[in-house]
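There are 4 protein chains.
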Amino acid sequence: MIIVIKPNATDAQIDHVVDRVKELGFTPHLSTGTERTIIGVIGDEDRLRAEPLQAIDGVEQVIPVLKPFKLASREKHREETVIDVGGVKIGGGNLMMIAGPCAIEGEEILFDIAKKVRAAGANVLRGGAFKPRTSPYSFQGLGEEGLKILRAAGDRYEMPVITEVMDPRQVELVERYTDLFQIGARNMQNFNLLNEVGQTNKAVVLKRGMGATVKDLIMSAEYVLSNGNQNVILCERGVKSFESSTRNMLDLSAVPNVKGQCHLPIIVDPSHATGRRDLIPAMARASVAAGADGVHIEVHSCPEKALSDGPQALLPDEYHELMQELSKLADVLNKQMTYAHQGANA
Amino acid sequence: MIIVIKPNATDAQIDHVVDRVKELGFTPHLSTGTERTIIGVIGDEDRLRAEPLQAIDGVEQVIPVLKPFKLASREKHREETVIDVGGVKIGGGNLMMIAGPCAIEGEEILFDIAKKVRAAGANVLRGGAFKPRTSPYSFQGLGEEGLKILRAAGDRYEMPVITEVMDPRQVELVERYTDLFQIGARNMQNFNLLNEVGQTNKAVVLKRGMGATVKDLIMSAEYVLSNGNQNVILCERGVKSFESSTRNMLDLSAVPNVKGQCHLPIIVDPSHATGRRDLIPAMARASVAAGADGVHIEVHSCPEKALSDGPQALLPDEYHELMQELSKLADVLNKQMTYAHQGANA
Amino acid sequence: MIIVIKPNATDAQIDHVVDRVKELGFTPHLSTGTERTIIGVIGDEDRLRAEPLQAIDGVEQVIPVLKPFKLASREKHREETVIDVGGVKIGGGNLMMIAGPCAIEGEEILFDIAKKVRAAGANVLRGGAFKPRTSPYSFQGLGEEGLKILRAAGDRYEMPVITEVMDPRQVELVERYTDLFQIGARNMQNFNLLNEVGQTNKAVVLKRGMGATVKDLIMSAEYVLSNGNQNVILCERGVKSFESSTRNMLDLSAVPNVKGQCHLPIIVDPSHATGRRDLIPAMARASVAAGADGVHIEVHSCPEKALSDGPQALLPDEYHELMQELSKLADVLNKQMTYAHQGANA
Amino acid sequence: MIIVIKPNATDAQIDHVVDRVKELGFTPHLSTGTERTIIGVIGDEDRLRAEPLQAIDGVEQVIPVLKPFKLASREKHREETVIDVGGVKIGGGNLMMIAGPCAIEGEEILFDIAKKVRAAGANVLRGGAFKPRTSPYSFQGLGEEGLKILRAAGDRYEMPVITEVMDPRQVELVERYTDLFQIGARNMQNFNLLNEVGQTNKAVVLKRGMGATVKDLIMSAEYVLSNGNQNVILCERGVKSFESSTRNMLDLSAVPNVKGQCHLPIIVDPSHATGRRDLIPAMARASVAAGADGVHIEVHSCPEKALSDGPQALLPDEYHELMQELSKLADVLNKQMTYAHQGANA
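Residue numbers (UniProt numbering), protein chains in the order written: chain B, 1 to 346; chain Z, 1 to 346; chain L, 1 to 346; chain S, 1 to 346.
With the rest of the complex left out, here is chain B:
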C-alpha cells in the first residue's frame, strides 16, 4: 500500500502517519521528492485496507497495490477452475449453453421448450420460479409449483436445471429442486444471500450487477467462496450506460478481464444485456469468440404471449440456427460442449 502525503503537510502530520502505520504493526518506507512525500507500507494489505488511513490529516491519497480478493484470485490458483454439474463441464474449454424461458409458465410449454433447446444443443435448462420484477404489479413467478415443473422437465430431457433464488429464506427450498443456483444482477451484493448459497455445495451462477465493476463482481464471488462453496460461475449480462437503444451495455471485455485475474469460469447473457432479440445472435457469437465459458439465452415458443421478457426471447428455430453457428465457432476455437450423464438427474 502506498500513502501519498499532501504537499503542504506539516512534519507533525507526517510523523503521525508514520506512527499510526507502526502502531498497526507495519513498517513504513518514506521517499521524499521535491513535490511529494510518499510512504510505502509493506505487509498484509488485507488487514491494512480495512484501516481508514485516508482519514488522517495530511494524507492526500491511499493507493492499494494488491487486489482485494484472495480465493478468487488467479495469483495463487493458476489453473482455470472446471466445474462439473452432472456431467456438464463448465470452464477450461467446456461451454455451458443455458437455454429456456424467462419464467416457468406451465408444464406443457416448458416441456415443449426444453425438448427443443435440448435438440438444438443446449446442455442446461433455465426457468424462473421466483421473479424479481421492477413493478409490484408484474407476474412474480409460480414459486414451488414452478420449481417442480422445472425439475421434471430437466429430468425428462436430461439437462441439469438452473433457477434464480432471491431470498435467503428460499435457499433451502430451491436447493431441493435445482442443480445450479442463479443469483440475479439485482442481488449481486445481497451479501446475506451470497453467504447462504455459499453454505450449500450447489454450483452458483452469479450475475454482474448493473452498476458493478469487474472487481465488485469478483468480490461477490469471494463471499460465496469464503463460505466454502467453490463452484462459482460468473456471468456478464450488461451494465447501465447512457446508450439508450439497448437495455444495458454488454461489457464483453469483462470476459478476458476476469480470466486474467480470476480462475473461475465466466459466461455471458446477451438476452438481458441487450433486451433486443435482433442483437442476440451476434452477441452470442462474439461471446464465444471472446473466450466465454458459455452463453445464457432466453428461448420461448411464443414470445408474444410470454409472461415475462418476451421481446428478448429467441424462438426455438432461431435458437437452433444460432447453435449451429456457435458450434462452428467452438470448433475453430477448440472449445467443446459436454452433456449430462444419462440418468444423472434421476
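What the hints contain is simulated information worked out from the structure, not anything from laboratory work. Please note: incorrect hints may appear among the correct ones.
All copies of an identical chain are treated as equivalent in the list; a pair is satisfied when it fits inside any one copy or across any two copies.
Straight-line C-alpha distance at most 27 Å; calculated DSS-like pairs for lysine-lysine [said to hold, decoys possible]:
#, residue 1, residue 2
1, K328, K202
2, K328, K89
3, K6, K305
4, K67, K305
5, K148, K202
6, K215, K115
7, K148, K215
8, K116, K215
9, K305, K70
10, K335, K115
11, K215, K305
12, K215, K67
13, K6, K76
14, K6, K67
15, K22, K305
16, K116, K70
17, K70, K215
18, K89, K202
19, K67, K335
20, K215, K202
21, K70, K6
22, K89, K305
Source: prediction; values computed, not measured.
Given the structure of chain B, go ahead and fit chains Z, L and S onto it with the hints provided.
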C-alpha cells in the same frame, strides 16, 4: 400506449397486432402516415404494459404514455406527503437532518457522537448494526448488540434512530429497536425485503441504487406502498459514473425531478455520494437549496480509527459549522427543522 | 410524431397545441383516453422535429416516431454499402484490417512496422501525424513530415494509408497524402470538420465519441453524407463508463445495432477501447464474430519506447498470431480480406 | 510515480525496468514485499508520464502521484483567480449571471430578451451565432449577422456578451464582436481550437464535455493557459449518464472538486445539463449554494417558437423570479454580482 409498426410490415402482420390488442380487451386506433403506421391503444395501461406486444412480428416499438407507478404518483395525490416520526416531521418544508457514524462501534463513542450531533441540530441519529460490505473480510457490524446501543443513545439524547436492515429475516428484530428503517442502495431492488418492511408501519428511508434511474427508485417505493406502508422517504446518494475522482456521482436534479412526479419526501446523502469529506459541506448546502427534505451525513469523532467509511465522515466540529450554514439557508428558503417530542422515545 | 398532453391541461391549452400543429401545415389526430390525451401528427417529421413543440404549455412529452437520419438509413438504402479504397473492399463481407503505430515517429521504424503488419495480413496502414493529446505537454505528432513518411511506407508495402485529421484547416494538406481520413472520437461532433471532409471524395473512418450514442454516431455520418461524400465507415472504439479497469467500455452490440438501421460499414478498434494489450486479441476475435467489417489495431515494434499509447500496442509477432486466428474466424463466418491492386498507390 | 511489478516477473525483467528508469535520468527506489515489488521513482513526473513504462514486460501497473496539470493547479497558485470583463468580475465571491437565448434569431427579439434579463439582474448576455447541431438539417445560426446583433444588444443594455466559437477559422471573426468566447462541450477537446483562443486575450468559458472527467476539463483549460491566455472560466453542464429522464446528469460536486485543486472560476449551466425547464430553478439555486461562480441560463420570450432548444428556456418572468431567489442565497453566502462599467463596451 402507442405501437409503432415497422415500415415493411405486411398487412397480415398489422391485422395480427390489431387482433391481439382487441383480444386483450382494448380498442386500437390506427393512423397511417407515409412512413409509418402507428396504433394508439387507449385503456388500462398497467395491464397492457405487462403484455409483450413488442415481441409481435412487425412491431417496431411500443411506447408507454403513462408512468408505471400509481400509489407514489403525484397525479392522484397532489399534496406532498409529510411523515412524522415521534415529532420529527419530514417533507412539506420540514427537514430531517440525520447524523451519526457509519457503523455502531461501542456505547461510549456512539453516545459521544450522538450528544454532539444533537447539539449541532441533528434531529435523527444514525448508526449501522448490520453492514453491507463489499469485502467478506471487512467489519460486518455488531448486530443486535449494536441495535441496543443505538436505541439507548436515541433515548438518551431524544432523537429517533435509523439503522439499515439488509435481510428479510432481520426485519422483526430491527423493528424492535429502530424508529426508521434504512434500505441501502445495494438492496433497493431486493423486492422481498421491500415487501417485508412494507408490512410494518415504521418509516422507511429507501436509498437509490447505484445503477438505478429515478423511475426505478420510485418503482421500489411503490413496492413498499403497495404493501400498506405509506411512510416512505426516498434518498438520493449518487450513482455510478465515469468520473473517477468521486465515489459516485450525486444526481441532485433527482430532487426536483422526484418532486414533480411523486408526493413522497426525498433527502440527500452527500457522504456516500462523494466519498470525500472535503466535498460534503458544499453538497449538503446544494441539497437544501435544491429543495431536499433533509440531509444524511456521517459524523465520527475519530475518523482515522473508524471501523467503516472513516474517510467520508465529518468531525463533530465540522458538522456543527455546516449545520450553522444549513440553518441560514433553510431560513431563506422557508424550511424548518422539528425535533422529537420530549419523552417520545421513552 | 406523437404529442402527449399533461393530465391537467386545459381545453384552451389543447386547442393551442392543435392550432400550432395546423399552423405548421400538419394534420393532428386527437385520441382522448381516461388518463391522457394524445395527438398523433402525420407528416414530414424532419421538419416537425425542429419545432419546439415540447415548449408549449400543456405538453407533457413529444415522442418522435421516425429516425432522425435519412441518407445513412437502411430504410431507403437496403443494400449494405461496400467501399473500395484502391482495391481494398470494406463492407458486405469484406474486412478492412488496419494496423500500424499510434504515431508516426520516423521512417525506419514505420517501414519496419509496415512490412511486418503487411506480412501478417493487414490491408491498410495507419499512423498519426497530428495527435490529439489530452495534455499540451505530450508529443503532438510530426505533421507534414509524418504524412510524407506514411505515404512512402504505404507505397512501398502496397497498402492504402489512413491518418487522423483534427482541424478543418488541415484537410487539404492531409488529403494530398492519405487514402482514408480518420476522424477521432474527440472530433466526432466537430461539425465543421465533418463538413470539410464531406466535401472531399476520400473515404472517412468516423470514430464514435466517448459520450456518443449509436444514434449520435450515425447523425455525424449524416453530416458527411449530406455534403456529398458517400464513403463513410463507422468505428466503434469504446465509450465512457464506470468500469475503471479498462480505458473505455467497448460496446460491441453497436455493430449489429448499426447494421440493423444503417447501410454503412462499421469496424472496431479494440486498442483504444480497452487501452490494455492483454485484452486486445479477445476483443478483436469478438469483433469479427459480431459481424464487424474490420478491426483497427495498434502495432509497434518497441512499445516501451513508443511516443504515444505504447501500453496498448501489440508487438508485430503478437499481431501476426492474432491475424492467424482472425483468418480462421473469417473463414467460418464467410468473410474475406482483399488487398490493394498492385501499383494502386503508385 | 510508482511502478508496481507483476508477481511472477523475473529478475531480468525487474533489472530492465530499473535500467530503463535510470536511462531516462531518474533514480529508482525498490521496495520488495512478500507479494509485490514496487519501484518508487522520484523526479520530474511530467516528463516521466510521457514514457510508456506500462508497456515494459513485467510491469503490472504505473501509478502517477502528481496531477498532470501545472498552470491550472492550485498547488502553486493558491489564490482564486478573479477575472474582470469590462467591470463584471468572475470568481473570488463574484457571480457571473449569463442569460439569453440559445440562438440569435433577430434584432427585435434579442433586444427584447436582453432588456428583460438585464432588468432581472443578469450581467452577461449570451446568444449563439454559430450553432453546433447534432443534425445537419437543424438551424445552424445566423453567422456574422448574428454577431452584429449580439454586439449591438450588449452595447445597448450595457452587458458584456458571450458567444460560441466552433472552428479555429472563426476565432478572428468572433473575437471582433464578443467579450467572452464560449467553447462548447463538443469542442472541449478540440485542441487546435483551444490553442487558437489561447492566443487571444479574451476570457474563455470552457464547457465540460459530455464524456469528460473533471481532470480532463482542467487539462483542456491547461491548453488555453499554456498558450498565454490566463482568463479561463470552467463550466459544468452535465455529463452523459444512464438516467434517461434528464438530458445529461449535472455533476454539481464538480464545483467544490475543481475549486479544491484549481484556481480558476467555475460556473454552472443547468439549462443544457437538465434539458428541462421545470428543473432549472432548483438546479440554479443548488449551483450557487455549492459555491459556483455564476450560472448560465437560457431565456427566451417565446420558447415555443425558438429556433433552437426552446424546451429548456425560461420565460423572462420566470428568470426574474429565479434571480430574486438567487440574490437572497447570494447574500446569505456572501457572494455578490457586479455589473459593466457604464460605457465599458462603447
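Going through the hints against the structure:
Taking CA atoms no more than 27 Å apart as the test, K328 paired with K202 passes in neither setting, with 31 Å inside one copy and 38 Å between copies. Both within a single protomer and between protomers do K328 and K89 lie at most 27 Å apart by alpha-carbon distance, with minima of 19 Å and 26 Å respectively. Only between protomers do K6 and K305 lie at most 27 Å apart by alpha-carbon distance; the minimum there is 20 Å, versus 62 Å within a single protomer. With identical chains, the CA atoms of K67 and K305 are at most 27 Å apart between copies only, with a shortest distance of 23 Å across copies and 46 Å within one.
Only within a single protomer do K148 and K202 lie at most 27 Å apart by alpha-carbon distance; the minimum there is 18 Å, versus 37 Å between protomers. Taking the shortest alpha-carbon separations for K215 and K115, neither the intra-copy value of 38 Å nor the inter-copy value of 39 Å comes in at or below 27 Å. Taking CA atoms no more than 27 Å apart as the test, K148 paired with K215 passes in neither setting, with 36 Å inside one copy and 35 Å between copies. Proximity of K116 and K215 under a CA criterion of 27 Å is satisfied in neither setting, with 37 Å inside one chain copy and 37 Å between copies.
For the homomeric pair K305 and K70, the shortest alpha-carbon distance between copies (25 Å) is at most 27 Å, but the shortest distance inside one copy (46 Å) is not. Within a single copy, K335 and K115 get their C-alpha atoms as close as 24 Å, which meets the 27 Å cut-off; across copies the closest is 33 Å, which misses it. Only between protomers do K215 and K305 lie at most 27 Å apart by alpha-carbon distance; the minimum there is 26 Å, versus 38 Å within a single protomer. For the identical chains of this complex, K215 and K67 are neighbours both inside a copy (9 Å) and across copies (25 Å), given an alpha-carbon limit of 27 Å.
For the identical chains of this complex, K6 and K76 are inter-copy neighbours only, at 13 Å across copies versus 35 Å inside a copy, given an alpha-carbon limit of 27 Å. In this homomeric assembly, K6 and K67 come within 27 Å of each other (Cα to Cα) both inside a single copy, at 25 Å, and across copies, at 12 Å. In this homomeric assembly, K22 and K305 come within 27 Å of each other (Cα to Cα) only across copies, at 14 Å, whereas the closest approach inside a single copy is 66 Å. For a Cα distance limit of 27 Å, the shortest separation of K116 from K70 qualifies neither inside one copy, at 41 Å, nor across copies, at 40 Å.
For a Cα distance limit of 27 Å, the shortest separation of K70 from K215 inside one copy, 12 Å, qualifies, whereas the shortest one across copies, 33 Å, does not. Proximity of K89 to K202 under the C-alpha cut-off of 27 Å is restricted to the intra-copy arrangement: shortest distance 14 Å within a copy versus 48 Å between copies. Neither within a single protomer nor between protomers do K67 and K335 lie at most 27 Å apart by alpha-carbon distance, with minima of 30 Å and 41 Å respectively. Proximity of K215 and K202 under a CA criterion of 27 Å is satisfied intra-copy only: 23 Å inside one chain copy versus 36 Å between copies.
Taking the closest pair of Cα atoms, K70 and K6 come within 27 Å of each other only across two copies (16 Å); inside a single copy the shortest separation is 31 Å, beyond that limit. Neither within a single protomer nor between protomers do K89 and K305 lie at most 27 Å apart by alpha-carbon distance, with minima of 34 Å and 44 Å respectively.
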